[in-house]
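Asks: Here's the letter readout for the chains.
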Amino acid sequence: MRFKIRRFDGERSYWQEFDVPVKRGMTVLECLYYIKENLDSTLSFRASCRMGVCGSCAVRINGKPMLACETQAFKLKEPVKIEPLKNFNVIRDLVTDFEGFFKKHEIVKPYLIRKSEGEIRQTPEQLKRYYIYTLCVKCGACVSACPVAKNSLGPMPIVSAYRFNEDSRDEGKEERLKILSDHIWHCHFVAECSEVCPKNLNPAEVIQRLRLEVLKFNVRW
Amino acid sequence: MKFDVVIVGAGLAGMRAAIAIAEKRRDVSVAMISKTYPIRCHSVCAEGGTAAVLDERDSFDLHAWDTVKGSDFLADQDAVEFFVRECPKEILTLDAWGCPWSRTPDGRIAQRPFGGHSFNRTVFAMDRTGFHEVHTLYERTLMFPNIERFNEYFLTNLIVEDNAVKGVTAIELKTGELVLFEAKAVILATGGAGRIYGFTTYSHTVTGDGMAVAYRCGVPLKDMEFFQFHPTGLVPSGILMTEACRGEGGYLLNRNGERFMKRYAPERMELAPRDVVARAMWKEIVEGRGFEGDYGPYIALDLTHLGEEKIEERLPLIRETAMKFAGIDPVEEPIPVRPVAHYTMGGIHTNVNCETPIKGLFACGEVACISVHGANRLGSNSTAECLVFGRVAGEKALEYVLKRDFKGVSRKEFEREESRIFDELLGRSGDESPYAIKRELNETMDKNLWIFREERGMKEAVKKIRELKERYKNVEVVDKHRGFNTDLIQTLEIGYMLDLAEVVAICALLRQESRGAHYRLDYPKRDDENWLKHSLAYKTADGVKVDYLPVTITKWKPTERRY
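Those protein sequence lines, which keep their order, are chains R and Y. The first sequence lines up with residues 0 to 220 when you count with numbering that gives the first Met the number 0. The second sequence lines up with residues 0 to 562 when you count with numbering that gives the first Met the number 0.
Simulated from the structure, these hints should not be mistaken for lab results. A portion of the hints provided could be inaccurate.
As the list claims (entries may be wrong) - Quick look at which bits of chain R chain Y covers, simulated, 3 or more residues with Cβ under 8 Å:
1) 45 to 59
2) 72 to 82
3) 105 to 114
4) 119 to 126
5) 129 to 136
6) 162 to 171
If you're wondering where the values come from, they're calculated on a predicted model, not measured in any experiment. Cβ atoms here follow ideal geometry from the backbone N, Cα and C, with glycine treated the same way.
Please model the complete structure; the sequences and the hints are all you need to start from.
Replies: Below, the structure written as structure tokens:
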């Protein structure tokens, strides 16, 4: 199969084409490794777990941000265009700068805030309220797809805030709603984030729910 | 840069160590260096759970006995006794930090059965336990301003003087510059060495960096011949199909549709320890009772009788993964699996305080060999080990640095390392491809140091690895850029793996018995008289030198191991 990869060597940006002998079952990540190990070892990309849980290998495949490791190559339209994520600065080839992404995550206090001590109980129903939102792998696909990501937190940190707000063990909801008051209004509800999330989360819906909660919270004040 | 403590590796063990320090002292500076972002570490791939005694019908002695018997009596029993007592505290700590543990209907922490454990003591968060533990710890580290993270820094060396550590050097991937971290203490938490094998559950990044760097600095590696083969790696990718599949009631079937484990472990069946199950599966395959597939023989992991509801509730990741990577829905049909390289029981020689023979150098998690796993680790004891001994390493390193000053690293020492990496390796031309060397290494390990071993094959492996090490001297890094040069990084990783593979092969060749995961066709019996001892491999000018160390036995004399 023909792959067309967006390269960047620190100065120059260009397209490069490769032919990869794709077998049924081969993932896009395996194709990238094939290229690196056999055709051009200068190709740079990130990867680690190759099973869709570490979030390293999100790239744009034929325009859509996806995890390379869980995308079957033979199902794609040729030439397969591989590009770095949008809304991130490119460091090298498919490698983008994630420092800002993780810094934004920190803003929402994405950790359990709990002053109480002693034994904790949480029923399966209480767990279910937030569990799906713990599944975010922080791959950046939602940010790549978001039209307002550059001037806002982007979808990922908001999902993270919601995950803790809904956790029955947490006592930090008010702190987070206060923080979110300044950060929840940028979204245009294009909902591309929900469209592309490889873990099937629905950040767009979470943002709407949190807007309502932020409003209620501020009225109460 | 100067930090009181430098932690290399930000998986479960490394992050647990960082938090242990930061919680106690806000005035002690901690650098957490990792070659990936912390949440991209291999610990996220742990699935099934974390062992801990929580139920009053269970006991510390029972957990310890299961662990010792599982280890084929090679674990140090004082370390095991300490370990099992600490596990429950870690579970409750992570609960208070937000880990989404799976629950019983009345809201308590749920526990499931696991191989080799004689009580249902495996705590879990669906079948994504490691993932949730990692995210919980990562989120927790964000609360402490004295933990500074250095993401995407690749370890190249330790700086040691008068048998005391005084810093590390690492390549900052983004810029490609070598960076010096001066430290009073260093904790290595870089994980195992699994990518020396080709068919493996390990992430691409698990290349034994910390182990190899410590070994090159003179620290002995313990029990490296013991490599765990997990029974159920998805064919053909090797992706882990958690032991919880069997813990929740899954069967292993051969081509005759037979639950063959009844012939190997009549009592525990599919939930015998991993060495026993992997060996049984391999025997079925070797004797022609495996299924034939496009990617070689396999065994069927059958979950179909569990039903969709249970699979969705307890094993959702397994279902998702089998569908995405093998095109198989486990609700409808069995999963094709084969034993797969999974865990490095051996590692950097440490005592129960995570101290290595070098002062100020600590190790914890899979990179270390304390040893609590001996010749065969029980499932769900590894994440537990990372949490317990991550904390211990942090606490011990903290005690150590409070009494110490910085020693100072000369400019010359740093420049020597810069020259080694950039002039001698990056600047060199040659005609060997590092990737061809890695491929051949993986082939020889998969062939000769697999589940069934014998002298001829292991000798062949030693010879092959030495040949590859020679060829590595003539390797060329084609990419000459500095910024995010993964060609350079992978070449360095392959150099690490060659050293470690040689130690694995030599220690395995020398050990003339079968114990735990080390099974020899030519010495099929355990030999306590001659081999109830740990191997300690040192790097010397004349190659690998192997010494031995007695096993600590407190309560349990070795007996025959039946399941």
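Asks: Would you mind marking each hint as holding or not holding in the structure?
Replies: Cross-check of the supplied hints:
1. 45 to 59: holds (count 11)
2. 72 to 82: violated (count 0)
3. 105 to 114: holds (count 5)
4. 119 to 126: Three-residue rule met by the segment 119 to 126 of chain R, so holds; n is 7.
5. 129 to 136: holds (count 5)
6. 162 to 171: holds (count 4)
Consistency with the previously given hints fails for number 2 only.
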